[in-house]
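A.B. asks: Okay, here's what each chain looks like letter by letter:
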Amino acid sequence: MNDLYPQISASLFQTLPILVLIVAGIGVLVADVLLPRASRWLLSWLSLLGVALAFIALDFVVGPAGREALPLHSYFGVLRSNYLVFLAQNVILAAGAFVILISPRYVGERRIPLGEYYGLLLLAVMAMLALAASTELLTVFLNLELLSITLYVLTGIENRNLRSGEAAFKYFLLGSFAAAFLLLGIAFVFGATGETRYDAIRQVLVDGTAQPRLLAIGFCLMLVGFGFKLSLAPFHMYAPDVYEGAPTTTASLIATGTKVAGFAALFHLIELAAAWSDAAGGLWLALYAVALASMIVGNVGAVVQPNIKRMLAYSSIAHSGYTIVPMVVMLQRPDLIADARDAVAYYMLAYTVMTLLAFGVPAVLGPAGESRIAQYAGLHRRSPMLAFVMALAMVSLMGIPPTIGFFGKFQLFAVAVQGDHIWLAVLGVLASVASVYYYLRVIVTMYMEEPATAGEELESRRLDGVNAFALTACSVCVFLFVVFQSLYLFGV
Amino acid sequence: MSSIWIILIPLLPLLAFVANGLFGRALQRTGGWLAVGCMGGSALIGAVIFFGGLFGGITFPIQVDLWQWMPLGDVTIRIGFYVDQLTALMLFFVTFVSTLVFLYSMGYMAGDPGFNRFFAYLGLFDFSMLVLVLGDSLPVLFVGWEGVGLCSYLLIGYYLAMPGAPDAGKKAFIVNRIGDFGFLVAMFMLFASVGTLNIQEILAAVASGAVPEFQYSAAFVTFLTLMLFLGCTGKSAQIPLFVWLPDAMAGPTPVSALIHAATMVTAGVYLVVRLSALFALAPATMLTIAIVAAATAFVAGSIALTQKDIKKVLAYSTVSQLGYMFLACGVGAFTAGIFHVFTHAFFKGCLFLGAGSVIHACHHIQDMDQMGGLRRKMPATARTFLFGSLGLAGIVPFAGFMSKDEILWRVFSDGKFILYAIALVTAAFTAYYAFRAYFLTFEGQSRLPHDVEHHVHESPWTMTLPLWILGIGALAAGVFNILPAFGHGHYSAINHFLAPVVAPAEAILAAHASHEPIHSFALEILLMIVSTVVALVCGVGLAWLFAYKLWPAGASRMARRLGPLYRISYHRWWWDEFYNVFVAGGLKLLALISTLFDRFVIDGVLHTVAGAARSGSRLIRFFQNGQVQAYALAILVGVNLVVWLVLWYQ
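Residue numbers (our numbering), protein chains in the order written: chain A, 1 to 492; chain B, 493 to 1142.
None of these hints come from the bench; they were simulated from the model. Note that CB positions come from ideal geometry on N, CA and C, so glycine has one too. Please note: incorrect hints may appear among the correct ones.
Unchecked claim - So the derived label-pair ranges between C-beta atoms look like this:
#, chain 1, residue 1, chain 2, residue 2, range
1, A, Leu430, B, Gln560, 38 to 48 Å
2, B, Ile1085, A, Ile422, 28 to 38 Å
3, B, Leu1111, A, Pro401, 46 to 56 Å
4, B, Ala518, A, Ala374, 29 to 39 Å
5, B, Gln560, A, Asp199, 28 to 38 Å
6, A, Pro401, B, Arg1091, 51 to 61 Å
7, A, Leu430, B, Gly656, 37 to 47 Å
8, B, Gln560, A, Ile422, 20 to 30 Å
9, B, Ile1085, A, Tyr447, 29 to 39 Å
10, B, Met654, A, Pro306, 38 to 48 Å
Go ahead and model the full structure; you've got the sequences and the hints to work with.
C.D. replies: And the structure:
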């Protein structure tokens, strides 16, 4: 027992950001009960403090100590921290901070219970951090479910709004359905290899003693589970309904943080599968089909969406499709794993930055800005800054240089070309051509159209300081990480 | 030399840009002073580096690695600065002249509604220019190259309401794009053959003979360097792309002085010298450069003889002088070319700022026929303009003489006697138009409209101080490189200073030379006397005669007698008209064909595709019916698809 103690204490130290968020989440829930109603606004600052502390823990406490020793294994290899995880956790925390910053007015206007909202938000962020680092089958499942349950509640938290409840219920039903497949897949993989830890499974795969057919089906079913969380076609159908019904702040977290954590976890799984020489057989084909379907369904589906949040949901499906392109490549070409990792990491960052902006504007505009795109007509005269930020997000999502969206997409497809998947790159680029239409339509509406009737007009809103800060910081990032394309490595 | 100081050089002008661009409305005139201060700081560092290098104390090269920009396949583009003797020289005069122009603009642009916008653009320009000079790889250099082009465009069109100004900006931009195309092609070729874009790595790889294309294919090297030179003809206004520079005079005069005379337009010369070891491998390109440059010098010089607009005279003069610089490069006298860049910055900067001072005083009259006799009202401007003219005309022993005569001698000693003759005639042109401008503007009787003449006054100190400094520079900048003929090269500081930079190129040229260069001290002195006499008699003397003594009757009689020659010069060889008919006309025809193609073929395809996308979208929407059962079914279909795909493949 004595020799376990140092490893456990080291593990506790390495997971300090997660522990900080657990404490902060529970702290917010407790404070909600203790604080008088009038001073509940403090909760948002309290949760922001929690995220900030987690950030400090990650980058200045764990980071410097662990950076030399990457990859780190905590809790006997159940959690792993490497370069990708480190970056993903930073992005998740930044997304969490952004959502907290744009929340106060939104939450206040809708009478969403503050304690539950912020507490669950922190716990969701915590689950994302843990999911990104999970490298053990059951831990993956537990963290994914922990994340899912918090998100179900956050989706349905606006209890005065029927659509919110409907969205939560759909999310819950389909999420459970997909989780069953994930669990089945885990069982198959365990059955085929007899191990649950990734490093142990890898050893079995390298030795070639695994049951190949069982293992292949297991990986496929796990892919279904992840595909649901990442809203990859054809597991995507819940996404437009959930994004539309959920509070916009929640939706922005579902679209960014969840996906970043999911991508990191999926990347580890695919990296593992790539170690299995037989996996090149069929698994890449399945992933190829899913990537292609997502890019096409997402981009084509968004074309006729009149609702801004549904449009963004389809856009997010398409971007998930782009992001797994390097993973398809690395299944066949293990020598490109490092390139694929860099491309996925950079795209996580790029996608998060621009998607947060795109969701941030409707959230700040409030009730009127959350439904029809037509209501954005003439926005540039009433709220020039919001219109500019939205336009910036659209241009970046289109992938027009010199924004981060272009360089992110460029790196993804560069990996595809390097790995001789030229057709995948060509089809991906063609699919993203369609995206120009619906993104540009938002810009055209904002800058060139006038509201048809007086009632259509969005009320002009003054930006409060925190909203303006969050949107400005995010806009700066759209260009900052273009100039410093390698500084996101944080010196790793 | 700590690298932080080198990073500060471009960073300070960037600060000026940000401050004036974002907080201009709050800063007002303070913003201008802030910009002057920032630029002064850069100039101080630049001077320390240059003189430190010149007198010892700083050893070159200094490499500053900043960060990795982006991974591109197997290579990663790094951002870094590289300071050697050439960079140090460029840094020094760019920051020095910029500071003076910034200070001058405090007076010239005072009261202009776009005061802070102007300083923001200037700051951005200097940032880009310094990145161009400092960049250690072609992409970084190209960022600066495009940046200065952008600022040039913005500043030419600065007076948005002035007729022709936005068009002139567009013209500059479009013509430069043609040159940039050449630059890009050259970059692609270098990348494909050498595999890196870092300048020093390229030069090292080519020198070591590790690049087969450079070893065995003369055509490859020639084409590559010609493409590079095409880029230079755009930026540095050489035939065939020089037409944008005279139009660029629509911008405010400090801009003309800084961007379109002293700094940006010399970027092409800088590029040629920076990559001189590549150019030296392509004798055909070198000859092309020399011929194009001599032709440019001659044509532009001849146009400048008869122009009436004072800024147009100076603009064509700049084109002509840039021709001299490239002529020097074309005969392998790279240091002489760079030294002419250096002295030119002083005397042409001085002349442009002097012209600006005059235009400022005369309420934006630029026609020299309407000036005259301004010396009495603007003594400081007149004196410094005279200094500038002396420098430009190449009168012994002033700056222009030191640099131009070395070029002339190197052309002669290289055996290019025809080019020498052309350059000598151009030298006479130079002296003529320089003093013609001086006499018409400052001497004789005033011909200004009365209401304007009443208000003419000397400019404020912010404008005259830079004039004096540059004027003295125009007289004395030659001391940095006393002609090698005097004192056997012991006093040619710049030649010695730049020797390590151009040594590889000169070694290649010497190895491939078909004949020995002519070495003769007596001949050199003789030619020097010839060129001085030509400049004094044919240039200054005739200018005195026609622009002062016999003006206007004698001048117009002379113009009539010369008939066609005068018209060729006055109408600028009908160069713009030629381009309008043949190039622009051809492009318009192409545009018409493209429009038809676009309307009937592209649009047709597009509408079909868009229709397909739209119906696809409707289909997806149809399945998205809100029923959870349907969604679950989709997941189930997906599961089957994925699993059966894998099993089938296995």
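A.B. asks: Give a verdict on every hint.
C.D. replies: Against the structure, the hints:
1. Leu430(A) <-> Gln560(B): 38 to 48 Å: violated, 31 Å
2. Ile1085(B) <-> Ile422(A): 28 to 38 Å: Holds, since Ile1085(B) and Ile422(A) (Cβ atoms, about 32 Å apart) stay within the stated range.
3. Leu1111(B) <-> Pro401(A): 46 to 56 Å: Distance hint for Leu1111(B), Pro401(A) is violated at roughly 33 Å.
4. Ala518(B) <-> Ala374(A): 29 to 39 Å: Holds: the Cβ-Cβ distance is about 38 Å, inside 29 to 39 Å.
5. Gln560(B) <-> Asp199(A): 28 to 38 Å: holds, 31 Å
6. Pro401(A) <-> Arg1091(B): 51 to 61 Å: violated, 28 Å
7. Leu430(A) <-> Gly656(B): 37 to 47 Å: holds, 44 Å
8. Gln560(B) <-> Ile422(A): 20 to 30 Å: holds, 27 Å
9. Ile1085(B) <-> Tyr447(A): 29 to 39 Å: Taking Cβ atoms as reference, Ile1085(B) and Tyr447(A) lie about 32 Å apart, which means the hint holds.
10. Met654(B) <-> Pro306(A): 38 to 48 Å: Given about 46 Å between the Cβ atoms, the range holds.
In this structure, the hints that do not hold are numbers 1, 3 and 6, in rising order.
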